[in-house]
Every structure is written in structure tokens, then in C-alpha cells.
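What follows is the residue order along each chain.
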Amino acid sequence: MGRALRLLSCLLITGMLFANSTEARVFDPTSYVLPNGLQLVIVENHSAPIATHMVWYRVGAADEPWGKSGIAHFLEHLMFKGTKTHPPGEFSRIVARNGGSENAFTSQDTTAYFQSVAVDRLELVMGLEADRMANLVLIDDVVLPERDVVLEERRQRIENDPPAKLGEMATAAFYLNHPYREPIIGWEHEIRSLTTEDALDFYKSWYAPNNAVVIVAGDVTAEAVKAMAERTYGKIAARPLPERARPQEPQAYAPRRVVLESAQVRQPSWSRRWLAPSHGSGGGARVYALQILSEILGGSTVSRLYRNLAVERGIATDSGSAYSPDSLDPTGFVVWASPRQGGDLKEIETAVEAVIAELVKTGVTEEEVARAKQQLQDRAVLARDNLETAPQIIGSALMAGRDIEELEAWPERIGEVTVAQVNEAARMLSRPEVTVTSELRPKPTS
Amino acid sequence: MIRRLAALGIASLLCLAALPSRAAVEVVRVVSPGGIEAWLVENHANPIISVAIAFRGGSTVIDEATRPGTGELLSGLMNEGAGSYDSQAFQQLLEEHSIDFEFKVGRDSFEGSIRSLTKHRDLAFDLLRLSLTELRLDQDAVERVRSQLIAMLAREAEDPDRIASKVFWRMSLADHPYGRPVSGTPETVAAITLEELRHAAALTFSRDQLMIGVVGDITAAELGPLLDRTFAAMPASAERPEIGAARPLFGDVAVIERDVPQSTVVFGQPGVDRQDPDFYAAFVLNYILGGGGFASRLTEEVREKRGLAYGVTTWLNTLEHADIWQGQVATQNARVGESIELIRGEWKRMAELGPTAEELADAKTFLTGSFALRLDSTGSIARFLVGIQIQRLGIDYPQKRNSYIESVTLKDVRRIARRLDPAKLTFVVVGRPEGVMKTREAPEPS
Chain A
94 MGRALRLLSC
104 LLITGMLFAN
114 STEARVFDPT
124 SYVLPNGLQL
134 VIVENHSAPI
144 ATHMVWYRVG
154 AADEPWGKSG
164 IAHFLEHLMF
174 KGTKTHPPGE
184 FSRIVARNGG
194 SENAFTSQDT
204 TAYFQSVAVD
214 RLELVMGLEA
224 DRMANLVLID
234 DVVLPERDVV
244 LEERRQRIEN
254 DPPAKLGEMA
264 TAAFYLNHPY
274 REPIIGWEHE
284 IRSLTTEDAL
294 DFYKSWYAPN
304 NAVVIVAGDV
314 TAEAVKAMAE
324 RTYGKIAARP
334 LPERARPQEP
344 QAYAPRRVVL
354 ESAQVRQPSW
364 SRRWLAPSHG
374 SGGGARVYAL
384 QILSEILGGS
394 TVSRLYRNLA
404 VERGIATDSG
414 SAYSPDSLDP
424 TGFVVWASPR
434 QGGDLKEIET
444 AVEAVIAELV
454 KTGVTEEEVA
464 RAKQQLQDRA
474 VLARDNLETA
484 PQIIGSALMA
494 GRDIEELEAW
504 PERIGEVTVA
514 QVNEAARMLS
524 RPEVTVTSEL
534 RPKPTS
Chain B
16 MIRRLAALGI
26 ASLLCLAALP
36 SRAAVEVVRV
46 VSPGGIEAWL
56 VENHANPIIS
66 VAIAFRGGST
76 VIDEATRPGT
86 GELLSGLMNE
96 GAGSYDSQAF
106 QQLLEEHSID
116 FEFKVGRDSF
126 EGSIRSLTKH
136 RDLAFDLLRL
146 SLTELRLDQD
156 AVERVRSQLI
166 AMLAREAEDP
176 DRIASKVFWR
186 MSLADHPYGR
196 PVSGTPETVA
206 AITLEELRHA
216 AALTFSRDQL
226 MIGVVGDITA
236 AELGPLLDRT
246 FAAMPASAER
256 PEIGAARPLF
266 GDVAVIERDV
276 PQSTVVFGQP
286 GVDRQDPDFY
296 AAFVLNYILG
306 GGGFASRLTE
316 EVREKRGLAY
326 GVTTWLNTLE
336 HADIWQGQVA
346 TQNARVGESI
356 ELIRGEWKRM
366 AELGPTAEEL
376 ADAKTFLTGS
386 FALRLDSTGS
396 IARFLVGIQI
406 QRLGIDYPQK
416 RNSYIESVTL
426 KDVRRIARRL
436 DPAKLTFVVV
446 GRPEGVMKTR
456 EAPEPS
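Residue numbers (this note's numbering), protein chains in the order written: chain A, 94 to 539; chain B, 16 to 461.
Incorrect hints may appear among the rest.
Which residues of chain B face chain A? A few of them, derived with a C-beta cut under 8 Å, are [what the hints assert, rightly or not]:
1) SER162
2) LEU334
3) GLN347
4) ALA349
5) GLY352
6) ASP377
7) THR393
8) LYS439
Simulated coverage check for chain A against chain B, where a stretch passes if three residues somewhere in it have a Cβ under 8 Å from a Cβ of chain B [claimed, not checked]:
9) 228 to 239
10) 313 to 320
11) 333 to 346
Hints were generated in silico from the structure; no laboratory data involved.
Ideal Cβ positions, reconstructed from N, Cα and C, are used throughout, including at glycine.
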């Protein structure tokens, strides 16, 4: 959830951007750790004289104090409100005046800030970012109007939008105990009560060099960037960090179902998600098997769900699946479908269940697995096409507890997955007790 | 296949100069043995090729000859079967070879984007040729994509942003084809016949209206023969309906009542022609007024000082038959009147006093400095090359663009600022706004 004026921030759902990961042994990064504990990762790319600079903090919405939902995201907004040496708004003005673009986002596991600049301005933005890592100044006069901005952001993203409202309810029902159940932007009544002091407390607890990863990608050399990092971030002292307390999920006994009926809704839709392992929660090889499973079940218009529901039976306009394993704690494996005009959700649900039951019963084929592997590995090559992709993917992976070697080995790990492993992973789909089903329905007119 | 939520309409019509190109971009004109022209940027860093094509005309011309939504439906059918490949066979080829293959329609153009790994280049061009010359339009595929488009329209009917935008166009351009929604209405889309789709394809796909941009791992010598193989089979020209100049009407305030907590406001006044000598002055002025993200006056007044919105933005629409200076904001219902008055006030202040020398200098350093940043993939550069051709700019535009910005003087921006006229601003408000005096009834969104 960004501070963006444009509605581009897709990180509301952790790592959704990288559903069916595009990681690859392609970025070949260099990594250092500064004496103060800051991790520095550099990806050299000399195709244009520009650089992208990102700082990722190992703190997100799931680390908020009880009753203070939204404080991680609110602080992200407030990080633009000035330091001892730069008054409010000057950060953005300096970046813009230097022809740079910038933004920030918050997810459940991380908060990140980034700028893209001509490469000769790199040290300037590193200096600005280091300054606000240590010297943020907040006063009510700038904090309180920004809280209103966040409330407007919440109205725009959630309260004006029935599918988003349903998503919020479904997530709260999906996680019984884990803080992922709370919306990243926060509950409205809790946002209203957040104070300047809350923001400063959160900042002082978590914003420290030994809790940050800095990633620079572009027309640079690793040595030069290391020297710049030492001159900027290197001056900030390490601090003791709190433990990331993450209450885990209990045994679940019953499936849940969340239905939102609204007069605003004209196109119904249906989805179901299963609690699934992630990279950060010890998913191991199962994660790779689930990525292949998602590709086969619902990754494209030739996968099983779309082919069955939209092409052969013609009862759905769309159907598919998604799985985003870059999170510290368990994630969701999601399938969805939308009925054709006049169709009904029950019919859609039965059809999706039949496709899944068939897959679990008879398993996937060698050919399907081979095709999915090829597509995923091709995506690793295509990920090199965009200069900003490398730092995004590396940052997401590190924040989910992976290391660079594992990230770089992703195409091989995918290549090693066997049919038996995919079938084993698919058995998860016959456990209804770990699911929540969401229905979005038009309100009947009567 | 139509899967998107159609928020893309605005973005694609944004002022072209908002799409900078890497300064290092070297564009070469390639003319095939058969006389077909393409603009090429070679880049062999990755084994990837992107092709962007566009045909002049778009939904305005297509729907004038058929019925509203026909161009949109045709765009969704371009990867649904051609030649001997039916829908699933066509999509299977795309998936198995990791070829991205998408078409979309805008008010003035029908555009395709293809991206392929080098090893599948010939297949990608071959599928493009088939879709342009031997599109199947099988009944089952037509019905499936029709249902997807109707589902998309149903979702848009819930979305205050889309409602506001559609009503704004309908009110401002009531007597012109531009007033029609690009995607049609559920009723018109339901009525589109196969005959109309065939007619739409025939009047769109001809060589005289074709523009091509190619970027990536291919040489001019390799591209020439491929151009002939791919595009020569299309007819040289086609008969199209004439579209007259639009005479937009502005200065109204209309309210569409919807039960949502936040009102969306789309506003606008007469714009500036892309060929107008003062276009670049307008472009710079728009950055200062509302285009420049956190640097703009509207963001400062509406968001930063008062917390009235998450985002407020303005942009220049430069269309073939009309020019509109447009903007958007969303504010909680109780304070919409305040946001609108602030926007009117800033409009007036800018018209009377113009920007300051410092604002002008900052705008120029941002707009020239950031030019290198955003074209960061083969696809974005290919679309940029086609965009230049659509706007009838020269092949030297990437080289000259920054000098056009640099040459804008304070006198120029003050002169163009006088074209801002708060009395000519139209506001379309969707929600339950308070403090808004409507001057006319709004047409219901179709």
C-alpha cells in the first residue's frame, strides 16, 4: 500500500505482484553487510545511465502493536514529513528537482521506499534515505492532516469497493490467530485513533540500519555503491531490535464462508483460499510444487479451471488460481471463478470443486508438469526485461526469509519438482477445514 | 480474452510526453523490401523482442460503422483463434512458448503488444499475421469473450471512477462519437453480430493505417523480411467512416447519486492541441498545476495541507478530434464541496498569476531528468515508438523532446495559463456529495 497518487501499489497483498514467481538465476547480485548490520545488495545493469535505489525494513503491518492496526502504513506516509535538516515535503521536492521518481509501499512483512534516478544522483538519494532512517521529526500539524489522507485512501481502496470490503472480511476469517488477519491499511476506527507518538514509537523500535536491506540496481559498480553506502548509511549506529512476535495459526476445525451482498454489485464472483506454506514458514520444496500446481490448475487460459469452466462448459467468464509464497508466515492458495450472465454461484462452486477433486484423485500428468516448468523458467528470463524487476524480486525474497543463493537457484528448484511432489502438494486441496470461501453477490431487488 | 478491469483507458490517452524514453534510445527506420515501415530500437542485452503495432481509427471509427463496444470486443478476440488454430490451440501455442499477445482499443487507435523470447520469434510474428489476416471469430469464442466484456461492464457499473469518467465524456461530447463509452454498454455488446465483427476487422486492418515499433534482440536486416511476411498480406487500404471535429461543452456541475462514503470527481475544460506551438508550455504548466505528483499545487492544497484526498491529478488528453484538460479527485462526501472550491480557486490563481520562475525551473528539471527513467523495458519502449507515430511526431522525437521542454519560457507558461478558465470547468461527481451545487441533471451512465 503506497503513498502513490496513482493506484499502482499492488503490494497490499504481500507479494501478489510475483504470483507464480518470476525469480531466476539471472540477477547475479553482490551482497555486503556493513559493520552496523545494514545489508547491501547490488545488481549491476549497464543498459542505461540510471539506478533504482530501494530500502526495505524488516517490519510490516503484521508487527504492529495490538489495537494500533495501520501504524506501519501510516508511518510510511509520515516518512515524507521531514527530518532535523529537511523540512516537510523537501525530500520529494529534492528528488523531483533532480529528475527522480520515488514512492513507497507497506505489506504485512515489510515497508519499503524507493527512488529511480540518473546514476550521478544515486548518492544524493542514499543520503536522503539514510537521513530519514535516523532523524525523522513529526509534529501534530503535519501528522493529523496526513491521517485524514490515509482515511481517504481507505475509503478509496476499501469502503467504496464491495470486492475489497469482502476481501477484508475474508482475510479476517481466513487467519484465526495470526496478525495477517488485519488489513494492512488498518481498521478505520483504529486509524482514527493513531497519534504522532504511536508513529514515533513504531519508528524508534524498528527503523535501524541493522533492520534494513538496501538494494541498488543499475549502471553502477558494486565497489562504488559500497563506498557510498559507507558514507551515508554507514554513519548510523545499530540499535537493539524488538522480537517480531507472530502468533501462529491454531488447529482449524471448520471451513468458513463469507458472503457480501450489495446493491452496488452487478457481477457476482466466487473464490476459495487454503492456508498454504510459504518460503518463510518452512515450506521447503512444497513451495515449488505448489507453484507448479497453481500453473496447472489455474495459471492461464489453457489451464484446467479456465478450460473446464470457461471454454468447455461455458458457465464462467473467468476462472483461475494464484499462489504467492514470498511471506514470512503461511499464505493462501487461491482459486476463483465468475459466472456468466445469469449464472449462479452454486453451479460455479460445484464445478470448481469437481475440477479440483479430479486433479487430487487422478493427479497431474508428466506433460502438464513439464509444460509448467518451461513456462515458469521462461518467466525467469523475461524478468530481466524490466530494470525495476530485479530489486523488487530480490527485496521480496529477502523479506520472506530467503537468501540470495536460494533465490538465484529458483529455476533449478522448479526444474527438480516431480509429478509425485505436485500430487502430494495437491492433497492440501482436500482439506476444507483450512479454507475460507468468499461470495460476492448482487442484492436481490424486491 | 478480456480479463482486465479497464482502468487503462485513461492511462493510454495520457499526454504522450508523459512517457519519456531513455535518452540513449536510438531509433532506426526500417523499411522492408515490400515497403512496410517500422521503427526499431536494437537491444541485445536479453533474448527478448517486443513488438507494438497500432492502426489508426480505434473505437471511434469502428463503433461508428458498427455499434458501441464492437472495437473492444474485437480486441478481446485477437488471441482467440486464427488460421487453422481454434481458440484453445492458439492460446496453447502462446502459453507453451511464453509469448505475450494482447490487443486493446482506444478512442483513436487499435493497438497490439507482442513479446517473445528470441527463440520463438518467428512463431510470434506468424501468429500476429494470422490474427490480422485470418481471424476466425468462431461462435463459441465470440460468446465467451462477449460474456467477459459484459462481466467487465457490470463490474464497471459498480465503480465510481468508471461511472464518473463515462458520464464526463458523455456530457462533454454528447454530439460526437467520443461521447460513447469505448467498451459499449451491456445492451450494445449483447447485440453485436458476427457480421459487424468481420466488418470491424476489415475496416481496421489495412497497411495505410498501420504503425509499428520493434525493440530488442533483432537486427534491421532480420526485421525487414519479417515485416513483409507478417503485414504484406493485409489490404493496402480500407474504407472508413469520416469523423468530424468534436465541439466539447464545458462549465457544468452534475451529480450521480451513489451510496458510497467517498465521492469521485472527474473534472475538465478545453485542452491544447498536440500540434499547438504552446503544447510544451501547457505540458509544463500541467505538471505544476496537477500533473506533478507530490510537487503539484493541487496536491499541496488538497492533500498535503488539508488531507482532503489520497490523490488529485490533472492531465492533458490530446485526441485526434478533441483536446481536453482533465483531472480527478476523490473526497469523503461531507467535504466534496470544499475540494471542488479549492480546485476552482487554484485554477483561477494559476490563470491570473501563472507559475513562479522557481516552479518552472523545478518542473523542467524533473520533466527532462525523469525522461530516462520510465521506459525501462522492451515493451514500454516499443509502445512509446508507436505512440510517437500516433501523435505524428518525428522519429527524432526521443532526441529532441528534452530540448522542447527546455525551451519553454516563463512568458510561454503564463500565456498558456490564461487558457485555464474556472468558468469552463465541468465537474462530474459520483457519490452522496455535500456542498455541491449542480447546474444540470446528469445523464445516467449507460
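Now for the hints, and whether the structure bears them out:
Nearest Cβ of chain A to the Cβ of SER162 (chain B): about 5 Å, under the 8 Å cut. The hint holds. The beta carbon of LEU334 (chain B) comes no nearer than 21 Å to any beta carbon in chain A, farther than 8 Å, and the hint placing it at the interface is violated. Look at GLN347 (chain B): its Cβ gets to within about 6 Å of chain A, closer than 8 Å, so that hint holds up. Hint status for ALA349 (chain B): violated, given a least beta-carbon distance of 11 Å to chain A, over 8 Å.
At a threshold of 8 Å, the smallest CB-CB gap from GLY352 (chain B) to chain A is about 15 Å, leaving the interface hint violated. The criterion of a C-beta within 8 Å of any C-beta in chain A is met by ASP377 (chain B), whose closest approach is roughly 5 Å, and the hint holds. Of the supplied interface hints, the one on THR393 (chain B) holds, with its beta-carbon coming within about 6 Å of a beta-carbon of chain A, less than 8 Å. Proximity of LYS439 (chain B) to chain A is violated relative to the hint, the smallest CB-CB distance being about 25 Å (cut-off 8 Å).
Judged by the Cβ-Cβ criterion of 8 Å, the segment 228 to 239 of chain A is covered by chain B as claimed, because 3 of its residues qualify and three suffice. Interface restraint, the segment 313 to 320 of chain A with chain B: violated (0 residues with C-beta to C-beta distance below 8 Å; minimum three). Coverage of a stretch by a chain is defined here by at least three residues with a beta carbon nearer than 8 Å to that chain's beta carbons; for the segment 333 to 346 of chain A and chain B the count is 0, and the condition is violated.
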